[in-house]
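Keeping the supplied structure of chain A fixed, place chain B upon it in accordance with the hints.
Chains as they are written, first to last, in my numbering: chain A, 1 to 376; chain B, 1 to 376.
Some clues are possibly wrong.
Given that identical chains are not distinguished, each listed pair holds provided it fits within a single copy or across any two copies.
Each computed DSS-like pair below joins lysine-lysine, with the alpha-carbon atoms no more than 27 Å apart [as the list claims (entries may be wrong)]:
(1) Lys11 to Lys161
(2) Lys117 to Lys291
(3) Lys252 to Lys117
(4) Lys324 to Lys117
(5) Lys77 to Lys89
(6) Lys324 to Lys77
(7) Lys296 to Lys105
(8) Lys324 to Lys44
(9) Lys105 to Lys324
(10) Lys296 to Lys44
(11) Lys291 to Lys44
Please keep in mind that the hints were generated in silico from the structure rather than gathered at the bench.
2 protein chains.
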Amino acid sequence: MSQQEFSFELKNTDNGARLGNISTPRGDIRTPAFMPVGTAATVKGMYPEQVEALGADIILGNTYHLMLRPGAERMAKLGGLHEFAQWQKPILTDSGGFQVMSLAKLRKLNENGVSFKSHIDGSSHLLTPERSIEIQTLLGADIQMQLDECVALPADLSEIKRAMELSVRWAERSKTAFGTQPGHALFGIVQGGDNEVLRLQSANELTDIGFHGYAVGGLAVGEPQATMFEVLNYTTPALPTDKPRYLMGVGKPDDLLGAVKRGIDMFDCVHPTRAGRHGHAYTRFGVINIKNARHKEDSRPLDVQSPNENCRRFQRAYLHHLMKANEMLGAMLLSQINLAYYQELMQARALQSQKTDMMITLLKPVRDGKEATSTP
Amino acid sequence: MSQQEFSFELKNTDNGARLGNISTPRGDIRTPAFMPVGTAATVKGMYPEQVEALGADIILGNTYHLMLRPGAERMAKLGGLHEFAQWQKPILTDSGGFQVMSLAKLRKLNENGVSFKSHIDGSSHLLTPERSIEIQTLLGADIQMQLDECVALPADLSEIKRAMELSVRWAERSKTAFGTQPGHALFGIVQGGDNEVLRLQSANELTDIGFHGYAVGGLAVGEPQATMFEVLNYTTPALPTDKPRYLMGVGKPDDLLGAVKRGIDMFDCVHPTRAGRHGHAYTRFGVINIKNARHKEDSRPLDVQSPNENCRRFQRAYLHHLMKANEMLGAMLLSQINLAYYQELMQARALQSQKTDMMITLLKPVRDGKEATSTP
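So that you can see chain A by itself, here it is in the shape it has in the complex (with noise of 0.2 Å):
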């Protein structure tokens, strides 16, 4: 690998919508982009070939699962994170501290980090900002997450600010734990919940302490959608033009293009694979579910249109099948189908030379959230 800088460059907006490119080491991340999860090394049900064959350009990695299994230490002995799973392109890893919140047993927090009990054996663990820093730099991280708190919402003011306070000294800690890795970035994290005032200062601060992209965290978090679109509304702005920016944990079709008309660059979210296990496939027509009985008999396929040969090759009532009769197949098909969508909704980035906004106006047409009402 070359000493290649990371680097990001704004190829065109359309009002708040942007068209960039991150260049890094190990290839080139189009934006706006969708980075599928692949939580434990893997995609779950998909062969990296089929990932990178998406047109994924960056997949995501939860340090939570990693440091428990197989361990950052034995991964870097092993290789690394991009030779374990057969994954050459970049990786973006999250710090932990999210799924240290929401999975692990008897928490604790305080300034120093937070210390749990792994959920798969009861092992002690402390992740620090430091630590959250070098086990992703073990793990070969291109894009490292620094350590933050995310509230859920909705939350009392006091707790959000508390919180978000606590995150941007992890902020400046976990940069200073970064140091200087040619070629690998480290994000810093807004938060500040559904409140504009401690979403300028964390944003404000965060650009001091300067960072080489950032994020947007603490949404999706159980808040309506027009609360995440308030939030950006004044967040985005007050972010560096010339940096990524990154929306965590987000979403479904229609959360993305309207986080893209708000200036964001970046996703990452378990729903499309998700979604697949359980039977439901997005298509243009919107989401189908695939188990309902009325697909019993329909031999038509998902979309005889789409791009993806899996969309137009199988009978719905072959999917109907494979799901009904449990077998690994469906969930396999339709985490494929979901993550090639999603590739999809970002592919208009390519339309390098037009606006942006033909890429909203590509995709409004997208009816996502109910079952379509009638399909051709």
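The following block gives chain B in isolation, referenced to the frame of chain A:
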């Protein structure tokens, strides 16, 4: 599809071992052949194109499962099993009888057939020789099997004899029901347990009726391998040399090699995929239990010299991790790896100009059934 006939060509023999080719309108089946089992219209954990890439010329479908879900008439409406499962090469279906006896509830067998209740929804069904053929024809099976009664060993001689004679009567009814189906085949099934007189009687009576191929049933049902081989020793010589011979539900690699030596041409078994889902990998070095802790930090692939990329590419530590974390990719990879190994075992058939004993010799170093004690 052309109206090409179903035919078998015996290309070479070496003592008992045979090298041959079955021609069907959907393509050739090179023998000896291992048929991956696609119970519910899917080889578990594999895309159909992966199965084809293994070199498999034919897969097996289970009539019992498919008649219950999605149902034979529905499958026919949807275009048949090949279209449904997106597998265009030949398919063999069993008669359903074996799985009725092992999976269904409230089974009642009489001269006419076997009535039972579905293990899925409790619905009542009747499987007769005629209905089994009707279902297999609706599914579109290239090779169909007569309904038979299979007795678990050890068993009383009178019971073995009764079931064998019933199976012969059902064979006749099956042939009548099958009628003339150009390009399709019907196989009879030799029964008779571990009794030579009964096996020979069965083989002779079935040969008199006349089938496109002959299966040896009622083995791998609890008896030692030596018993199975002994039964083959006297059964296969009683079968016509100009028709393919199929040993049902067998087996592990050394079962296959021993049976090939004794004149068997075709096999099916769920073992390679089931073993894969349980973390057992078949390799030239023997069976590797990848969940064993000694693989936790082993960065070596399963077999650096394997023709199968998945064997060369992924670290043992990664496969170990995937299985411990219950990740689908673990079962997917080990299913592919085991089926690839089974196909490799059959590949020596590709030595068309060589004696088949080269195959046997080539494959002798395989140590099956025990954990390899040393690996390179």
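Hints the structure fails to honour: 1 and 3
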